[in-house]
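There are 2 protein chains.
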Amino acid sequence: MTARETEPFELDEAECLRLLASQPVVRLAVSVAGEVDLFPVNHVVDGRDVLFTTAPGSKLVELTVHARVVLESDGWDDAEAWSVVVKGVASVLPEAEVARAETLGLESWSATPKPVWVRVTPTRVTGRRFARTDGGRA
Amino acid sequence: MTARETEPFELDEAECLRLLASQPVVRLAVSVAGEVDLFPVNHVVDGRDVLFTTAPGSKLVELTVHARVVLESDGWDDAEAWSVVVKGVASVLPEAEVARAETLGLESWSATPKPVWVRVTPTRVTGRRFARTDGGRA
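Going line by line, the protein sequences match chains A and B. Numbering that gives the first Met the number 0 applies: residue 0 is where the first sequence begins, and numbers increase by one. Numbering that gives the first Met the number 0 applies: residue 0 is where the second sequence begins, and numbers increase by one.
Keep in mind the hints are simulated off the structure, nothing from the lab. Any given hint might turn out to be false.
Remember, identical chains collapse to one label, so a pair may be satisfied in a single copy or spanning two.
[Said to hold, decoys possible] In silico SDA-like pairs for lysine to any residue, Cα to Cα no more than 25 angstroms straight-line:
hint	residue 1	residue 2
1	K113	D76
2	K86	L103
3	K113	E12
4	K113	L10
5	K113	F8
6	K113	E6
7	K86	T63
8	K86	T132
9	K113	A13
10	K86	D133
11	K86	V64
12	K113	E14
13	K113	P93
14	K113	S90
15	K113	Q22
16	K86	E34
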């Protein structure tokens with residue numbers, strides 16, 4: 000392997016969205032009054048948007064106060080690692096769109112009822128893939 | 000399984016740190032002037048602290064501007080899922096402590112030189128584990 004091959008390879012948006020859709024969990028970061036919070040959520044990719052559900056609780060309150068959010072997904076095997084970061088704007092899905100959202104195959108792992116659908120509309124989608132230099136020891 | 004068993008089970012700090020140490024990647028969220036950023040990093044647990052390395056670049060700049068950070072780790076199998084969130088204060092490790100840090104077994108996957116060690120000292124460590132209600136279909 001040459002030194003060049005171990006450098007990060009920037010992924011295009013289609014590949015980022017494909018990788019995002021391949022994972023059952025995405026991490027959601029929000030900031031309220033300078034305080035960051037970070038949650039794992041089950042999600043589904045709908046075109047360029049990322050949808051998830053929530054209870055009428057803390058996550059939703061934070062999203063309402065500060066609608067800019069960041070989502071992250073990653074994965075690895077012995078040879079390489081990748082990560083995708085989506086910056087976007089969160090909004091509660093209008094009631095008229097909920098029926099269609101419910102056909103998208105979102106699998107929530109939690110027993111907590113999460114009737115509120117949230118859509119994240121990306122403003123920036125970035126991703127990278129790189130060869131692991133440790134040879135998969137970790 | 001009873002309804003009660005599917006409710007989230009809060010993990011104590013020792014279990015949170017054990018789970019955090021079992022993973023090769025943690026997600027780091029920082030906020031600068033209200034804008035959140037989110038990065039996956041290779042980390043190592045040192046007592047209650049979490050250490051990682053970085054290049055003298057964007058992550059480090061952000062940490063310097065706003066030293067409060069959040070770390071997240073998660074995992075799942077067909078039966079259950081868990082997540083751990085650490086809120087803490089980041090600081091650059093003093094030069095005198097770097098030699099010891101280098102014995103802790105951190106495996107960085109990236110070819111990018113990352114000579115700067117950062118320590119996150121937790122102010123709050125929380126975690127939960129719950130049975131997956133989807134039966135591991137996702």
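Cross-check of the supplied hints:
In this assembly of identical chains, K113 and D76 lie within 25 angstroms of each other by CA distance solely across copies; the values are 22 angstroms between and 32 angstroms within a copy. In this assembly of identical chains, the alpha carbons of K86 and L103 lie at most 25 angstroms apart only when taken from the same copy (22 angstroms versus 34 angstroms across copies). In this homomeric assembly, K113 and E12 never come within 25 angstroms of each other (Cα to Cα): the closest approach is 29 angstroms inside a single copy and 27 angstroms across copies. Taking identical chains as interchangeable, the C-alpha atoms of K113 and L10 lie at most 25 angstroms apart only when they sit on different chains, with a minimum of 22 angstroms there against 32 angstroms within one chain.
When the C-alpha separation of K113 and F8 is checked against a cutoff of 25 angstroms, the pair qualifies only between copies, where the shortest distance is 18 angstroms, while the shortest distance within a copy is 37 angstroms. Taking CA atoms no more than 25 angstroms apart as the test, K113 paired with E6 passes between copies only; the shortest distance there is 14 angstroms, against 41 angstroms inside one copy. In the homo-oligomer, the alpha carbons of K86 and T63 lie at most 25 angstroms apart both inside one protomer (16 angstroms) and across protomers (22 angstroms), since each shortest distance falls under that limit. When the C-alpha separation of K86 and T132 is checked against a cutoff of 25 angstroms, the pair qualifies neither within a copy, at 28 angstroms, nor between copies, at 29 angstroms.
Taking identical chains as interchangeable, the C-alpha atoms of K113 and A13 are never at most 25 angstroms apart, the minima being 29 angstroms within one chain and 30 angstroms between chains. For the identical chains of this complex, K86 and D133 are neighbours neither inside a copy (30 angstroms) nor across copies (29 angstroms), given an alpha-carbon limit of 25 angstroms. For a Cα distance limit of 25 angstroms, the shortest separation of K86 from V64 qualifies both inside one copy, at 16 angstroms, and across copies, at 20 angstroms. Proximity of K113 and E14 under a CA criterion of 25 angstroms is satisfied in neither setting, with 29 angstroms inside one chain copy and 27 angstroms between copies.
For the homomeric pair K113 and P93, the shortest alpha-carbon distance inside one copy (15 angstroms) is at most 25 angstroms, but the shortest distance between copies (45 angstroms) is not. In the homo-oligomer, the alpha carbons of K113 and S90 lie at most 25 angstroms apart inside one protomer (15 angstroms), although the nearest pairing across protomers, at 37 angstroms, exceeds that limit. Proximity of K113 and Q22 under a CA criterion of 25 angstroms is satisfied intra-copy only: 20 angstroms inside one chain copy versus 28 angstroms between copies. With identical chains, the CA atoms of K86 and E34 are at most 25 angstroms apart both within one copy (17 angstroms) and between copies (10 angstroms).
In summary, the structure is inconsistent with hints 3, 8, 9, 10, 12 from the numbered list given earlier, while agreeing with the others.
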